[in-house]
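Chains as they are written, first to last, in our numbering: chain W, 1 to 224; chain R, 1001 to 1273; chain Z, 2001 to 2210.
Heads up, a few of these hints could be off.
List of simulated lysine-lysine pairs, DSS-like, C-alpha gap at most 30 angstroms [said to hold, decoys possible]: (1) W:LYS124 with Z:LYS2027; (2) Z:LYS2168 with W:LYS124; (3) W:LYS164 with Z:LYS2168; (4) W:LYS222 with R:LYS1243; (5) W:LYS221 with R:LYS1012; (6) W:LYS89 with Z:LYS2006; (7) R:LYS1243 with R:LYS1012; (8) R:LYS1085 with R:LYS1243; (9) Z:LYS2068 with W:LYS89; (10) R:LYS1012 with R:LYS1039.
If you're looking for bench data, these hints aren't it; they were derived computationally from the structure.
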Amino acid sequence: MTDLIMALGSTALILMIYTILYRENPAFRIGEHLMVGATVGHAVVLAVFQIRDLAFLKVQQGMNTGNLGQMAYVVPILLGVALYLQFSKAYRHIARVAIAFMLSVGITLSARGLISVNVIGQIKGAIVPLNNVQNIVYTVGVVCVLLYFVYEERLSKAVGPVPKVGRWLLMVTMGAYFANSIMGRLSIVIGTLDTILPAPNLYLIPVALLILIADAWTRSKKKE
Amino acid sequence: MTVTEMLGRNYKEIIYLALFASLVVPMIRPIGLPVPIDKTTADIYNRVDALQPGDVVVLGSNIGAAIYAEVYPQYIAIMEHVFRKEGVRLILVDHGTEAPIFAERALTELNAAGRKTYGVDYVHLGYIAGDEAAISGLCRDLHALLQVDYSGNSISSLSMLDDINGAQDFTIVIDFTASADSQFWLNQAYATYGTAIAFGLTAVKVPDAYAYYTAGQIFGIVESLKGAAGYEILIGRPGIAAKGMDAQSIAHLLYIVLMILGNLAYFMGGKKK
Amino acid sequence: MSQIFKKTASAVLLIVAVVLTCDYFIKDATLRAVANDMNNWAVVIGAFALGLGAYSLTVRHTRAIYQKRTTWPYSALLLGTMIVFIGLGLFTGSVSSPQYNWIYTLIVQPLSSALYGMNAFFIASASYRAFRARSIESGLLLVAAIFLMLLNAPIGGVIHPILPQIGKMIWDLSGATGMRAILIGIGIGTLAIGLRIIIGQEKTPLGGAD
Chain W
1 MTDLIMALGS TALILMIYTI LYRENPAFRI GEHLMVGATV GHAVVLAVFQ IRDLAFLKVQ
61 QGMNTGNLGQ MAYVVPILLG VALYLQFSKA YRHIARVAIA FMLSVGITLS ARGLISVNVI
121 GQIKGAIVPL NNVQNIVYTV GVVCVLLYFV YEERLSKAVG PVPKVGRWLL MVTMGAYFAN
181 SIMGRLSIVI GTLDTILPAP NLYLIPVALL ILIADAWTRS KKKE
Chain R
1001 MTVTEMLGRN YKEIIYLALF ASLVVPMIRP IGLPVPIDKT TADIYNRVDA LQPGDVVVLG
1061 SNIGAAIYAE VYPQYIAIME HVFRKEGVRL ILVDHGTEAP IFAERALTEL NAAGRKTYGV
1121 DYVHLGYIAG DEAAISGLCR DLHALLQVDY SGNSISSLSM LDDINGAQDF TIVIDFTASA
1181 DSQFWLNQAY ATYGTAIAFG LTAVKVPDAY AYYTAGQIFG IVESLKGAAG YEILIGRPGI
1241 AAKGMDAQSI AHLLYIVLMI LGNLAYFMGG KKK
Chain Z
2001 MSQIFKKTAS AVLLIVAVVL TCDYFIKDAT LRAVANDMNN WAVVIGAFAL GLGAYSLTVR
2061 HTRAIYQKRT TWPYSALLLG TMIVFIGLGL FTGSVSSPQY NWIYTLIVQP LSSALYGMNA
2121 FFIASASYRA FRARSIESGL LLVAAIFLML LNAPIGGVIH PILPQIGKMI WDLSGATGMR
2181 AILIGIGIGT LAIGLRIIIG QEKTPLGGAD
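Just chain W, with the same shape it has in the complex:
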């Protein structure tokens, strides 16, 4: 029984979302609000378990063993609570300390890695022996695109048509992103179809179509 509710329920919810392709309607809004509520509720559940496992357990263990380092986890707990003060006009400034801490850790950790991975690593990857046409094209190409980022159209007289070539190469790259985004979206739709195509889920599709046709017919009658 629960399997049947799961199968038909999932299919109904998928079809409710796809009704947006017809027009904005209450079924789509219901599905949308259900999803937001569920996702946020899920995040709260995980937040509670995380705070318990990463902080409170450590403080508790610290108190039992007398370990100051673990007891000091009271500080991030207080800072975490302080985050919520950003919603208060009177105490918003207190939240800044917590935000500053998180921001600083995040920026420093990513900056350290980005220098060696994105900058040095990619420049190393771009430096190849110029002993064949392909390597020459790739090296010249990456220089052209970087020059486009720096100069755009402004100083094109100084560097000639080079930034324009960079722009063309960037358009080819955008074509790659576009083609891949199509493949990605299609993969997701195939996943939803894998849910709604097996019987008995399949029988909800003609029901949904009939409802849409009836709605379209009613609306066209009202217009007349």
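Fit chains R and Z to the given chain W structure using the hints.
Chains R and Z alone, transformed into the frame defined by chain W:
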């Protein structure tokens, strides 16, 4: 009505139905088009196949319901491959809020017969909040970061983790995501400890990752459903990914036809629109 | 009082950045322990941050229900669903409990997939109505996209083996040039913004200029 006028009309509903049909028909009646296996996928397969007893594999995951159809088939195929390797230790770590559910689902599906022992062969550390700080903490000293695993077992009670402290002890890391999390593993594990990294990505993220692959910073990429289908074929376990490639093909053809027709309408209509 | 906290926030920004940067270059056990703790503290604060969205959403939708706006039934549905998920998750003690897993698979999985997947239909319609080769650049984008789609889909190789080969050439070209330059740009740009925030030049992330 002229051809130009006909092509210039709005066929939104017909396009939607055509796309629906181009996906549904091949799924009901498969064509059986051959699925090419990308080098990026084969590189991951070869690397996993070459693992030795005692090696540590970390599967990072930010799989959510939205990208489930694209990335979960990759995740489960690679996990199955790792499970087939005797003596290889598997660590599952989640950096997305929905990922623990899919990690447990994969474990239930693949380890139903109990061929692997929890705490000895594999461990699920669960979700760790904090994005890059979480991955950084894990790579530095996972015993200092975590007290318990996903099921609430004390980390110190899991014998598998006795000699695993951080990224210096990971043999390979394969991250499954659709967002910037893949960058975090590169920044923290690869840049600092030189850990070998590979990605299982949605199609949208693949172009970024390909530059890392050609620079030798990652050893492979499983590219969306296509890569998952290739991996399933390599391990001899065809699943949903392989089934969906026919539908992908026909739908892609439809997109190309629509683009060409749309541009025909534009050029034939005197470039007015 | 607020000035003290603003100055403290700026000091925290700088001190944490200096400690973590020094830890990267200087191998010292004490420094490493402090850096580890700072890292793990940020993880704990990140866990608290997960609930910020819930708080904000609850306030907004409760207001909508209280003021009986036209969308109040949807707000009630949203809050009700949120409460059900929170209650069930905390009551069962795990997001992998059979009951939680069931309701998650019933509600979140199909809705999330469908919401992301419906873009495929919009892109199809846009491909016909809006994707025009009005200039050399858009023409290049169009041609590159077509060949790459024939590379991505197995049918490209079935129609003619040359098609995915051309697609692969375009893919390799874009990877070695455009994507590489974008990554270098991201690296330099993130560093620049990060430095500006840490030295206090950029105050927006902390809630605006003093």
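Taking the hints in turn, this is what the structure says about them:
A distance of roughly 26 angstroms separates the Cα atoms of W:LYS124 and Z:LYS2027; the hinted pair therefore holds under the 30 angstroms criterion. Between the alpha carbons of Z:LYS2168 and W:LYS124 the distance comes to roughly 23 angstroms, so the proposed pair stays at or under 30 angstroms and holds. Between W:LYS164 and Z:LYS2168, the direct Cα distance comes to roughly 23 angstroms. Compliance with the 30 angstroms bound is thereby established for this hinted pair. Note on W:LYS222 and R:LYS1243: the hinted pairing is violated, with a Cα-Cα distance of about 45 angstroms set against a maximum of 30 angstroms.
Taking the CA atoms of W:LYS221 and R:LYS1012, the gap is about 22 angstroms. The hint holds against a cut of 30 angstroms. Between W:LYS89 and Z:LYS2006 the alpha-carbon distance is near 14 angstroms, which keeps this suggested pair within the 30 angstroms criterion. Between R:LYS1243 and R:LYS1012 the alpha-carbon distance is near 28 angstroms, which keeps this suggested pair within the 30 angstroms criterion. As the CA atoms of R:LYS1085 and R:LYS1243 are separated by approximately 26 angstroms, the hinted pair is consistent with the 30 angstroms bound.
Distance restraint check for Z:LYS2068 and W:LYS89: the Cα-Cα separation of roughly 26 angstroms lies within the 30 angstroms cut-off, and the hinted pair is therefore satisfied. A hinted pair counts as satisfied when its Cα atoms are at most 30 angstroms apart, and R:LYS1012 with R:LYS1039 does not qualify at roughly 38 angstroms.
Against the hints set out earlier in the document, violations occur for numbers 4 and 10.
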